[in-house]
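Engineer: Residue-level listing of the chains:
Number of protein chains: 2
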Amino acid sequence: MPNLTVALDAMGGDFGPRVTVPAAVQALSHFPELKVILTGDQTTITELLSSLGYQPNTRLVVKHSDRVISNSEKPSLALRHSDGTSMSLAIDAVAKGEADACVSGGNTGALMALSRFKLKLLPGIERPALISALPTVSGAQTWMLDLGANVSSDADSLFQFAVMGSALAEQYLQCPPRVAILNIGAEEIKGNDLVKRCAEMLSQTNSVNFVGYIEGNQLLADVADVVVCDGFVGNICLKACEGTAQIFIDKLRSSMIAMSIKGWIARKLFSGLFNDLKTLNPDQYNGASLLGLRGIVIKSHGSADVDALVNAIGEALHEVKRQVPSRISDRLEAVLLERHY
Amino acid sequence: MPNLTVALDAMGGDFGPRVTVPAAVQALSHFPELKVILTGDQTTITELLSSLGYQPNTRLVVKHSDRVISNSEKPSLALRHSDGTSMSLAIDAVAKGEADACVSGGNTGALMALSRFKLKLLPGIERPALISALPTVSGAQTWMLDLGANVSSDADSLFQFAVMGSALAEQYLQCPPRVAILNIGAEEIKGNDLVKRCAEMLSQTNSVNFVGYIEGNQLLADVADVVVCDGFVGNICLKACEGTAQIFIDKLRSSMIAMSIKGWIARKLFSGLFNDLKTLNPDQYNGASLLGLRGIVIKSHGSADVDALVNAIGEALHEVKRQVPSRISDRLEAVLLERHY
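Those protein sequence lines, which keep their order, are chains A and B.
To convert, note that position 295 of the first sequence is 295 in our numbering; the numbers rise steadily by one, no gaps.
To convert, note that position 175 of the second sequence is 175 in our numbering; the numbers rise steadily by one, no gaps.
Please keep in mind that the hints were generated in silico from the structure rather than gathered at the bench.
Do not rely on the hints blindly, as some may be mistaken.
Said to hold, decoys possible - Chain B side only, calculated, beta carbon under 10 Å to chain A, not exhaustive:
id	residue
1	L28
2	T108
3	V137
Claimed, not checked - Chain B stretches covered by chain A per the calculated footprint, using a threshold of three residues with CB under 8 Å from any CB of chain A:
id	region
4	8–20
5	33–41
6	45–53
7	182–188
8	197–211
The beta carbon of each residue, even a glycine, is placed where N, CA and C say it ideally should be.
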């Protein structure tokens, strides 16, 4: 029975409704429990829906908006002029309780500013953080945050990121996640003041299973379940992994094409390896969550295709079912209590 | 005629003399212009030399030291207790004019602190920076700095890094290098105060060909010749690229092994691709330079093998021939003049 509602910003992302509309339709057939509210230009959306042989119904509702927040808009400006935009309507749906989660591929800064303003932060949280799962060599996932919700952070924020990331990962792992701080060396003396202060705070709490520092080359090595860093470092580092992975995959793909003239053997040999390698590309994990809010907001890659956006919607459903915001809230309360007594 | 002398810290690196001694011998046969001063335990070194059928001579001199700076030692402590260590003797050789450059695979922080103390900074430079060349998809190199000489930087330092990196790259490219700042987005509004202030300074100088921001996924895409960032971000980001590349190469290697049972065709098909991919691993470029000093100091990877250490010695010779410190000095003077008038 469809009982979980996701509000999808139909105009967000590099391709807008051309991707979001088919993704909504595909998600509805994929997740029987799902209802979708599409926010955006009604004419465009209904035209695209009917070209797919689909019509708005009780499981797919369109909320009209004729305004879009552009990717180049500053968050502060977007916040002032957000009324009636597709992104704003999608977040409003969560704030009003009409939707259980919101998904958008639009301007990240604006999504964060608007979510923070409309949904409010959880008690004890000063800044939200973007978190995403990365693939690892072992096949397990590692969650990394902050991936760019903030361009700078203090040690208190980093500590809160650790608590939030741990609470999220635990919903998947069902055991206390190993939490590490990303640093320029594994030894205690290494790093800047920010990571050293955060490490000290994490060492003193029982609420987080802190395993120390890890270096950039260990990110995909499954040595931690949650990796904490500031948003500037996290964003650059994740994109560096994605860029390197993409170059390797491209090289492999062009070799496959070049070798196809040598027959089907080469293609067959390569395809298994190719699929193996693709699973190591962090880019495949679409759907970063904005943690720390009193509601569920998922940021999809701007360049996400239909399948990737369906993944992001799936991630939203996961978090709704696991009641992630209240799990984080519980964990924060435990940490605060621990500090008091 | 051997006329360029490199002082090599024989005890530095994870493997000490077992790698440094054969590397010195190999470098001497590789570079006819090279002389080497090996600093470290005389007995161990001469024993290893004779096991290679080699003896100290006019091209290979041993300077005895029975002390080593450990990898876990804090730079401040290393500085106070450095007298007579192998690293200290190697840097002293440059300071006294007995060597043209120094190469060490030892403790990076200690190497920087000692080099700075003994060789002094160039006028106009507040902090040295670690720079290294990275491979790119096009086959060209991109120089990246700072890779971890500093755990934090201000905009002035970042600006100086840009000037130094540009001066170094120009010696290889023979044209004004494209200089970019590593950031979380390409748009002007993106980033933290540090990169924004540095971008403003670079936009106002004619001495650097500033091309704007690049993101982490563009690092190996040959969109800039010099990429500037603070040492914390640079170190983590480079290691993230290396880690991702290594995982892909390992996966490919294990596929090759698994497929060898299917015959030599698979091996033959793979070997070309494997070599192609290896050239995309930033780890292959051993020998990061410490720029900003009145002398040439090259940091080799701690885990470098003989070939990698020979590369680092080769990098030292390149810089000696190109008189890198005085090129940087000239460029800095030009920038200072430009600001005055």
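Engineer: A separate judgement is required for each hint: does it hold in the structure or not?
Structural biologist: A quick look at each hint next to the structure:
no. : hint    : in the structure
1   : L28     : 32 Å, violated
2   : T108    : 9 Å, holds
3   : V137    : 6 Å, holds
4   : 8–20    : violated (count 0)
5   : 33–41   : violated (count 0)
6   : 45–53   : violated (count 0)
7   : 182–188 : holds (count 4)
8   : 197–211 : violated (count 0)
The earlier numbered hints that this structure contradicts are 1, 4, 5, 6 and 8.
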